[in-house]
Amino acid sequence: MDDALLDKLGILADAAKYDASCASSGAKRRTGGPDGIGSTTGAGICHAYTPDGRCVSLLKILLTNYCLFDCAYCINRRSSNVRRARFSVDEVVQLTLGFYKRNCIEGLFLSSGIIRSPDYTMEQLMLVARTLRRDHGFAGYIHLKTIPEASPWLIEQAGLWADRLSINLELASDRSLKEFAPEKDGGAIKAVMGQVGERILEAKEEKRRFSPAGQSTQMIVGADASTDLSVLETSDTLYRRYGLRRVYYSAFSPIPEASSALPAKPPPLQRENRLYQADWLLRYYGFTVEEIAAGGEGGMLDLGIDPKLAWALKNRERFPVDVNSADREMLLRVPGLGARAVDKIVEARRHTTLRLEDVARLSSGLKRARAFLIAADHHPGGLTDRADLRQRLVAPPKQLSLF
Amino acid sequence: MYRVDLKDGADLAGFRRALRGLVALDVEPDEVNWSGGNAPSLFGDAALLPVDAPPVPLPRPVGALIESVVCHRDPERYALLHRLVRRVVRGERGILDHHADPLVHRLALLDKAVRRDLHKMHAFLRFHEVRDPASSEGPGAERYVAWFEPDHFIVEATAPFFVERFESLVWSILTPVGSLHWDRRSLTVGPAALRPEGLDRDDRFAEGWQRYYESTFNPARVNPTAMRAEMPRKYWANLPEAAAIPAMIRSAPARVQAMIEAEAAAPRRRNPDKAVAAMARQEPATLAELNRIIRGADPLVPGATQAVLGEGPEGAAIAIVGEQPGDQEDVEGRPFVGPAGQLLSRALEEAGIERSAAYLTNAVKHFKFVARGKRRLHQSPTAGEVKHYRWWLMKELSFVRPRLVVTLGATAALALTGRSVSVLRERGPMGFGQTGLGDWDGFVTVHPSYLLRLPAGEAAEQAYRDFVADLRRAREMVEGAG
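Same order as they appear, the protein sequences are chains A and B. Position 76, counted from 1, in the first sequence is what my numbering calls 76; the numbers after and before it change by one each time, with no gaps. Position 306, counted from 1, in the second sequence is what my numbering calls 1306; the numbers after and before it change by one each time, with no gaps.
One or more of the hints may lead you astray.
[Claimed, not checked] Per the computed footprint, the stretches of chain B lying under chain A, defined by three or more beta-carbons under 8 angstroms from a beta-carbon of chain A, are:
(1) 1097–1103
(2) 1112–1126
(3) 1196–1202
(4) 1209–1223
(5) 1380–1394
These are computed hints drawn from the structure, not numbers from a lab. All C-beta atoms, glycine included, are put in the ideal place defined by N, C-alpha and C.
The whole structure should be built from the sequences, with the hints applied where relevant.
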């Protein structure tokens, strides 16, 4: 690796980092064998964490940050003065293999600015994946960003080699998209999601290999005026209609070379966090978008408490529930009890009548749960309905340390 | 009192042997002194366990738990496992579902700690490339060495992961509790090692990795607590990239402040309007361009030698669409050259259609087959595959612009109509325009390979005559329209 390549790596990693997706999970188990390299284990592995708390699982880079598009929220938009660079297909292949052999990564996450044409760009991305798989027997994880404006055949070719395809929706509403990303077309993005979703289902039925770990997308939060309700409604539609595996939320972050179309401000990290919690409630806890939104005010989630607790506080007549007899669906709605804890409770109560200390062994969220739970030796009494319950459950603000 | 001597570390075999004896004699857990290594006995003479006791049948999850927990550093692990097994053999077969039981809970915590340690070793171990002048693979051959300090006795337990992932590399993993060596053929488990010096010397990839790590960090989201929760400090010493962490955290607030205060800069370049407009014209503009794309693409199902492109003049009055290339077409790279193709040529001639004046192609461009000995047996394309290739077929027809599209067999009819067509029942003219897939006057008939499969006799001859009659009718339609 010479200095020039090192320099490009710096630029093109910096340019890719605003994509939140990092998962390396969901691929079928496979190994490269004696002539190839690598394996996937089903579950992903995070090989490092950066000081922003995010995991490093895949080598996340752009093929190039030159771009013909001018999306206001993007550091790589054509009107930005950021430094530009471009990898060759072979350089990306060599970087991926070099880092992989040192056990730094699970694989590659490759995206790109749009150069020459969407088809040309998509073909370059596809060639990287094909070279890794075919010429090097690479069995690690490959996530390709698809270019929605590219021809369908190219996206389908990409699906032959990638574990996961994704297309970023970026903004929850078509109106915002039009305003901030004039070259993008919300309809085209969803059409490609539909196409990819259909192909994934077909390939599964016909036992062919096509993007086996599914597709995902990302929405930027806080760049436009979309409410949490409208973001979650969009997610719900994406999960249902296109069978997406994941929707990532990325708090809009101040970027160097910012566009004047957007105010520079610190990222709304708490909002991003609450959206992820709400997303989990949608997918694994049986909540509807309306129920989640009703926990907050005016279509925005309560930033001070998690959305499950917010819902419980507004629906106290449903509580307390008996940990020894309530059905799984209701236990999932108890603040502080996660899906895994609920499964353990359901198994354990076949053997014994659960007391509060038993529940403490099964769940780490008992502090929040106890106001909503009845156990063999515990009844919250009037606690469930106390007006100051919220204050009692919210952690007091941290004291400043004074020297 | 019984005394069991086990090896240092995770002695699964020794524990299994002892457990069989203890179960056979129905020994109480309190009656056993589990000593690691060769520590002298505090209890004087201890009773002996039988060496050939029978295996203890255990539910699979209990076996898996034992394999994991013996790797833990906790000196009590063997005693706890003995207590668990005793309860299992006394009837509590489903004991592990009893998550709230104090013993089960404690063992679950040990198991979790071991699994976390395994996971962290898979994640945080870093190989360094060393050039070994005396390698058996030849001087200067690629070789990788890693140093790692696990919390528990997991070195052997991690071996399958690293062997599977790096089977084609030569590597060594060194730790204070044992080592692993892989030479691309076999694994050797070695003794504890000392930290090697200067591992990351001259490795540009290690430098590149640190550059990557610094660049992928977003200073506007600094959150070291979240980082340390998943990557505690104890791992940092062996992670080359971790050296950069303090400076990254220190400089983050200033970097963010600079970003927020920076005035939005005026774009340096003019808007490349022409280039943006050109993007809209990216689709292939000619049949030759389209064919270049098809030739360069990979088959949806691996195996085919090459893509078989359509053949015939652009502007041909009749386009004939078959199913997919067969064995011979795949080798020669031309459509309809095998037995079915020869039969088609004969029928076209009898129907008065000049083969060279028609455009011949297939719905699917690659041969799909299963290998049976030396033979490659044709496999019909699935509906999904037909759909995948349809985009090309439609583009192709849009360049050829035939007056009539004749589909041979069910697959071609599916490609043009988007629905499954019963060819024998629906043969004849069919407008392909109503389906939204393409606006063509169409004609549905059988595939010549169907005729080849019919047993010889009057029925087969009649079927062939019907096929010729269909083609003749198609010709008349075109001539009538022209």
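Quick rundown of the hints versus the structure:
Given a C-beta distance limit of less than 8 angstroms, the hint that chain A covers the region 1097–1103 of chain B holds, as 6 residues qualify and 3 suffice. Proximity of the region 1112–1126 of chain B to chain A, defined as three or more residues with a beta carbon under 8 angstroms from a beta carbon of that chain, is established by the 6 residues found. Given as covered by chain A, the region 1196–1202 of chain B fails the check, having 0 residues with a CB less than 8 angstroms from a CB of that chain where 3 are the minimum. Proximity of the region 1209–1223 of chain B to chain A, defined as three or more residues with a beta carbon under 8 angstroms from a beta carbon of that chain, is established by the 14 residues found.
With 8 residues carrying a beta carbon less than 8 angstroms from a beta carbon of chain A, the region 1380–1394 of chain B meets the three-residue requirement, and the given coverage holds.
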